[in-house]
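Those sequence lines, one after another, are chains A and B.
Take 37 as the starting number for the first sequence in the working numbering and just add one per residue.
Take 37 as the starting number for the second sequence in the working numbering and just add one per residue.
There's no promise every hint is true.
If several chains are the same, the list does not tell them apart, and a pair holds so long as it fits within one copy or across any two.
[Claimed, not checked] With a straight-line Cα cutoff of 27 Å, these simulated BS3-like cross-link-like pairs (lysine-lysine) come out:
id, residue 1, residue 2
1, K110, K280
2, K347, K369
3, K110, K277
4, K110, K343
5, K82, K255
6, K347, K82
7, K359, K376
Everything labelled a hint here was simulated from the structure, so no lab data went into it.
All values derive from a computational prediction rather than experimental measurement.
Number of protein chains: 2
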Amino acid sequence: MIFTQDPNNELNDILNSNSYSSVFVLADDNTKKHCLPLLNEAVLQKISGTLTVNAGEITKNIDTCIYLWNELNKRGADRHSLLINLGGGMITDLGGFVASTYKRGIHFLNLPTTMLAMIDAAIGGKNGINLGHMKNQVGVVNQPDELIVFPGFLKTLDRTNYLSGYAEALKHGLIKSKDAFQKTLNFANPDLESEQFLGFLRENMAIKEEIVSIDPYEKADRKALNFGHTIGHALEAISHKTGKPMLHGNAVAWGTIAELFISHKQHSLDITYLNQTTELVTKYFPEPVFTSEDVNDLMAIMQQDKKNFGKKIRFTLLRAPGKYVIDQIVSEKLIHESFKHLKSLCQS
Amino acid sequence: MIFTQDPNNELNDILNSNSYSSVFVLADDNTKKHCLPLLNEAVLQKISGTLTVNAGEITKNIDTCIYLWNELNKRGADRHSLLINLGGGMITDLGGFVASTYKRGIHFLNLPTTMLAMIDAAIGGKNGINLGHMKNQVGVVNQPDELIVFPGFLKTLDRTNYLSGYAEALKHGLIKSKDAFQKTLNFANPDLESEQFLGFLRENMAIKEEIVSIDPYEKADRKALNFGHTIGHALEAISHKTGKPMLHGNAVAWGTIAELFISHKQHSLDITYLNQTTELVTKYFPEPVFTSEDVNDLMAIMQQDKKNFGKKIRFTLLRAPGKYVIDQIVSEKLIHESFKHLKSLCQS
Chain A
37 MIFTQDPNNE
47 LNDILNSNSY
57 SSVFVLADDN
67 TKKHCLPLLN
77 EAVLQKISGT
87 LTVNAGEITK
97 NIDTCIYLWN
107 ELNKRGADRH
117 SLLINLGGGM
127 ITDLGGFVAS
137 TYKRGIHFLN
147 LPTTMLAMID
157 AAIGGKNGIN
167 LGHMKNQVGV
177 VNQPDELIVF
187 PGFLKTLDRT
197 NYLSGYAEAL
207 KHGLIKSKDA
217 FQKTLNFANP
227 DLESEQFLGF
237 LRENMAIKEE
247 IVSIDPYEKA
257 DRKALNFGHT
267 IGHALEAISH
277 KTGKPMLHGN
287 AVAWGTIAEL
297 FISHKQHSLD
307 ITYLNQTTEL
317 VTKYFPEPVF
327 TSEDVNDLMA
337 IMQQDKKNFG
347 KKIRFTLLRA
357 PGKYVIDQIV
367 SEKLIHESFK
377 HLKSLCQS
Chain B
37 MIFTQDPNNE
47 LNDILNSNSY
57 SSVFVLADDN
67 TKKHCLPLLN
77 EAVLQKISGT
87 LTVNAGEITK
97 NIDTCIYLWN
107 ELNKRGADRH
117 SLLINLGGGM
127 ITDLGGFVAS
137 TYKRGIHFLN
147 LPTTMLAMID
157 AAIGGKNGIN
167 LGHMKNQVGV
177 VNQPDELIVF
187 PGFLKTLDRT
197 NYLSGYAEAL
207 KHGLIKSKDA
217 FQKTLNFANP
227 DLESEQFLGF
237 LRENMAIKEE
247 IVSIDPYEKA
257 DRKALNFGHT
267 IGHALEAISH
277 KTGKPMLHGN
287 AVAWGTIAEL
297 FISHKQHSLD
307 ITYLNQTTEL
317 VTKYFPEPVF
327 TSEDVNDLMA
337 IMQQDKKNFG
347 KKIRFTLLRA
357 PGKYVIDQIV
367 SEKLIHESFK
377 HLKSLCQS
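When you get a sec, could you build the whole thing from the sequences and use the hints?
Here it is in structure tokens:
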């Protein structure tokens, strides 16, 4: 991973020192407009073409892959070409999958532009697309040739976007240690140019990097990263069905509350961590919208979770910050209680 | 790799000793009818379901993948499920890709039923699908959990099918050694139950196994396996356009003649090998159908070959049997000559 205050030098070096037959950028409307222009002429002139897709999670589907595979083909991309994924998690997930499967795999490089992508999606080689309403049902695990993190891109985004990534940072704190969690609480609304923030960003990314280097294929430890995501993914999926899509991190923030609640009930997690997280999440993150009638749908969505096996919903839970337990079965009753608990925290 | 005269014991052991959450078979109409019944009750009762697709290369496309991903999802396949690919190269290519990408990868096992799949397609972890008329444009390299070769399946097939795989065996002989090539010449029309044939099959598969174990990602030596395929793939692709599809191996057999011709002209390959191969191929393999007007289309198809880089068509060629040279550029003039040479060997 390269953490840099100027991605141009790094990119220039990479493009000069590798003999790529061609170089393509994958961007969405937003990153094409706001991020691509931050690259300098020396870099831009080495780029053979830009592939642009619509922004938004809904674009992360098989039709977009077909479009991109064909487009790469038309533009003469071969096995020695490079794809630069310039965008948030949607772009790094989509572009990583397209590059990993085009002609059985070409070079790709992640240049994340959002907090979520920097801290989470662009690290660790998981990529993929959604299949209908099912998140990331199709994909592979394949590390990018390089990950270049340029925090300057964060200035192109609004608070909502920052918070969506910050939810994953909070999760990283919880699975790492009490200290890491307490530190994370200070950065819900940071000065993006401060040394403190840059230090925090680097440390927090390192939490994910360490876990995925130990367990790239999610046999055990990598499952820690799923904390907050079993319920988070269900909230996110149902919000897409109702036509009021939640940002991924927003769903994860509320999923984290629910799974801290379950951890408290089932594994005696100290209630302090639930309370501190609840205070922060209810202050900063928009509420999930679901009714008691939706709970059966939420359960059905969780039944489809990739992390399950043996037809049981599997959770990662916490005994304490840093003390995670994986593959936990939770009773339907307790899952229902956790949804009621979320509901009790909502105004609407 | 398991080479066996009875796949039931082996399959039973594998299904008993692994705790798969569910087991699915991918078959086509033909293998469902003729091969699946060769498995015994003990094996069949451990299978959760059979996914059936139409036989034929045309099925190897993204729409079939979407159908299969959705079907696996509907039937509750999770990350601990196993997919058994029961079929020829189309099925092992398709099933390998679907299994490698469903939920970012589930277990899969190849149980090849044709000569082509046993000797080539099911070995080495390459999988993928066609994109429009472009062969194997989308896929990954991912080894199956196991490869079980049961030569008894060959008895379910006709001579045409045998020959399609035999063309790859011929190529293996050519890239291995003079002796291996001479031996291969004896098995164009073998007794499938003879010890000699079983020995030949095993030795010939070992040629491919050895190369892919040295170079799984085709950085260098694995390219030897592409001998005959640059022109072979083009002949195959154009035959699909004209509505008279050639079997893969049939196209490769004629592609092998063309590339032996080029090897003779460009790398002084002894003409004996071209002559011996020509005699065998013209005797056993149906002629390719193309006109001099098709040559530009054939060139255009070769321009799209995955093996190319730097916008040049790249060939694997031979100085002698066992002495291959990779990434060779050939003049357009010599490629045209090789097509003329093929034409001169055809009756029509």
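We went through each hint and held it up to the structure:
1. K110 <-> K280: between (36 Å within a copy, 26 Å between copies)
2. K347 <-> K369: within (17 Å within a copy, 61 Å between copies)
3. K110 <-> K277: Between. Shortest inter-copy distance 18 Å satisfies the 27 Å Cα cut-off; intra-copy 35 Å does not.
4. K110 <-> K343: between (37 Å within a copy, 16 Å between copies)
5. K82 <-> K255: between (40 Å within a copy, 25 Å between copies)
6. K347 <-> K82: Between. Shortest inter-copy distance 17 Å satisfies the 27 Å Cα cut-off; intra-copy 50 Å does not.
7. K359 <-> K376: The answer is within: 26 Å in one copy meets 27 Å, while 71 Å across copies does not.
Hint compliance for this structure: no hint is broken.
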